[in-house]
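Student: Chain by chain, the residues run as shown.
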Amino acid sequence: MKKLLSNKTTRTNTITYLVVTIAFLVMQILSSLGMLGSATKGYLVPLCAYIVMAVSLNLLVGVCGELSLGHAGFMGIGAFTGIVVAAVLKNVIAGDVLRLIIAMFAGGIMAGCFGFLIGIPALRLRGDYLAIVTLAFGEILKNVIGNLYIGLDSEGLQVAFSAGSVELLEGGKMLLDGPVGATGIEKISSFPMGFVLILFTLFVVLNLINSKEGRAIKAVRDNRIAAESVGINVTAFRMKAFVVSAFLAGMAGVLFGLNISSLQASKFNFNTSINILVFVVLGGMGNILGSVISATVLYILPEAMRGLDDLRMILYAVVLIIVMLCTWSPGVKNFMDRIRTSIRAKLRKNGKEAVNNE
Amino acid sequence: MQVLQYLINGVSIGSVYAIIALGYTMVYGIAKMLNFAHGDVIMVGAYISFCVTNYMGLPAIVSILAAMVVCTVLGILIEKLAYKPLRGTSSLAVLITAIGVSYFLQNAAQLIWGTAPKSFTSIVTFKPFSFADGALVITGEVIITIAVSILVMVGLTLFTGKTRMGKAMRAVSEDRDAAQLMGINVNQTISMTFAIGSALAAIAGVLLCSTVPTLQPTTGSMPGIRAFTAAVIGGIGSIPGAMLGGILLGIIETFSKKYISTEFSDAIVFAVLILILLVKPTGLLGKQVQEKV
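First to last, the sequence lines map onto chains A and B. Mapping to the numbering used here: the first sequence position 229 is 229, numbers consecutive. Mapping to the numbering used here: the second sequence position 70 is 70, numbers consecutive.
Be aware that a few hints might be false.
[As the list claims (entries may be wrong)] Here chain B is said to cover these stretches of chain A; the calculated rule only asks that three of the stretch's residues, wherever they fall, bring their Cβ under 8 Å from a Cβ of chain B:
1) 32 to 38
2) 329 to 343
[Claimed, not checked] Below 27 Å or equal to it, Euclidean Cα-Cα: the simulated DSSO-like pairs (lysine-lysine) are:
3) A:Lys-218 <-> B:Lys-32
4) B:Lys-84 <-> A:Lys-333
5) A:Lys-333 <-> B:Lys-280
6) A:Lys-240 <-> B:Lys-280
No lab work stands behind these hints, which were simulated from the structure alone. No experiment lies behind these values; they were computed from the predicted model shown. Every residue gets a Cβ at the ideal spot worked out from N, C-alpha and C, and that includes glycine.
Produce the entire structure from the sequences given, and follow the hints as far as they go.
Tutor: See below:
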């Protein structure tokens, strides 16, 4: 054990797993003691979904160095795939947990496939151009899902792109009704399942980062040309990170979607993508535990300020700007350094005087 | 005749996108940052113009000037307070700060003017022109929008080509350090860029709301994203590119709404963007920069 913990990466990873597990246990104990209000309980599952989103986006932005502005699109694909799969399997599989797991993998695989499709053109581009293409894909996905009609009846699934084309037999049900979205979703997500998904995500991402693949991905981020010249297949590794990230985002989407009774495609818009990006940047690029913590704090912060009503989001904006200025601005950094050195100098001076007085 | 009608409407809405895209592209060219708060400056401009006409009863032209002045000051303030301290650091940090500014502007507007949409009175008072027995109708808004955008584009081209400040801008966008060594005041140049971009955003806001007369705190975001797309299609950083991209985007949007599908017009516009970037990875008129090791 001691030998294990002496390795820095292993130690950081162990801390990450421990923090998440302890947080989960504390919430479970509080919840079983009845100390959590129903509102707080309602935030737990979406929080898990956002943590998974933040960690998966961090793989892309922090580790891989690719700016993505359309991550919510993958979440959306996952969510609606999961909703359809869960509804189809309702009479086939009895256990909610098993059904949720199957739906999650279905949503993840679907999102991963789209990630692959999007990756083919997007990964030819670099920097801001890649960012705009991911933004565009996010908007396209939102637009297409928002006009998708899926119905389920005794004969099977019917899919169409216009309102009138889905004609259901008696007893059939519209699973996805265009702009109205999915309604009457059966809530089968739960906080423990959210916790399991977080652990799974951490396991996948942390192992990927510390593997041969991960080192290659980081080499590509730090210097693409140098990495290419030592024989790293840049596109293949970027694609791998992209697909894994999309897959995890899709699973998070399923968790999120199967937790609320109605869901519209417009939920997964540019603003959601941006919010997740904010989690990643404030948590620290490439820092997985940082993403988990900042997603938690930033998700709870606006909810906790609900009492302030109108001022809430304006305060959030101001806090965001100030935090960014304080953590990144060279001016502020120099200022803090100067204060620190002057305090240290003063302490030293006082110490010397004290010695002299003796 | 119908095709001509759609073409004119497309050029009109495209001109508005072009004016907004100019703000994005100039700021990107000089400060190398994606200013996501630009769309919200449009909204502020429209609100100022709305207040001046509706609450103070002043004529339209005064309201436009007032909107331009307020937005210019706002643009310079945003740059000084939020972006300048982060200059030279990670572009992602600046991007997130810009998003913070965007949230701030939207929520401040919501606090001041409320969420309920206001109906914007068009600045154009004359009647639409009708040709060929009403088969082709050109509204006053269309004429004013196209005229103003031509004026803006010619003015901006002359400004960047002929004046000292314009040349300084081009120099800074080419190589900031070298420009500084040549005695150009980089801070002043960047402030000037934000000032011009924001003044243009005010004009765009008034034109946009004259055509689509609902005004609310989120009015600026979608046109902002569209205009950003237009700037990228044209090649971000290039002024003629922004104009070309804007007008192209307007035409594509109008025609796809009419001939393909209203519901999928968003998807079509963004798909065109991706197709163009696949063929020309730096946009239509963007420079292909050779990478050096």
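Student: A separate judgement is required for each hint: does it hold in the structure or not?
Tutor: Structure-based check of each hint:
1. 32 to 38: violated (count 0)
2. 329 to 343: Satisfied; 4 residues make the cut.
3. A:Lys-218 <-> B:Lys-32: holds (24 Å)
4. B:Lys-84 <-> A:Lys-333: Satisfied, since the Cα-Cα distance of roughly 14 Å is no more than 27 Å.
5. A:Lys-333 <-> B:Lys-280: violated (40 Å)
6. A:Lys-240 <-> B:Lys-280: Given that 27 Å is the threshold and the Cα spacing comes to 25 Å, the pair holds.
The structure fails to meet hints 1, 5 from the earlier list, while all remaining hints are met.
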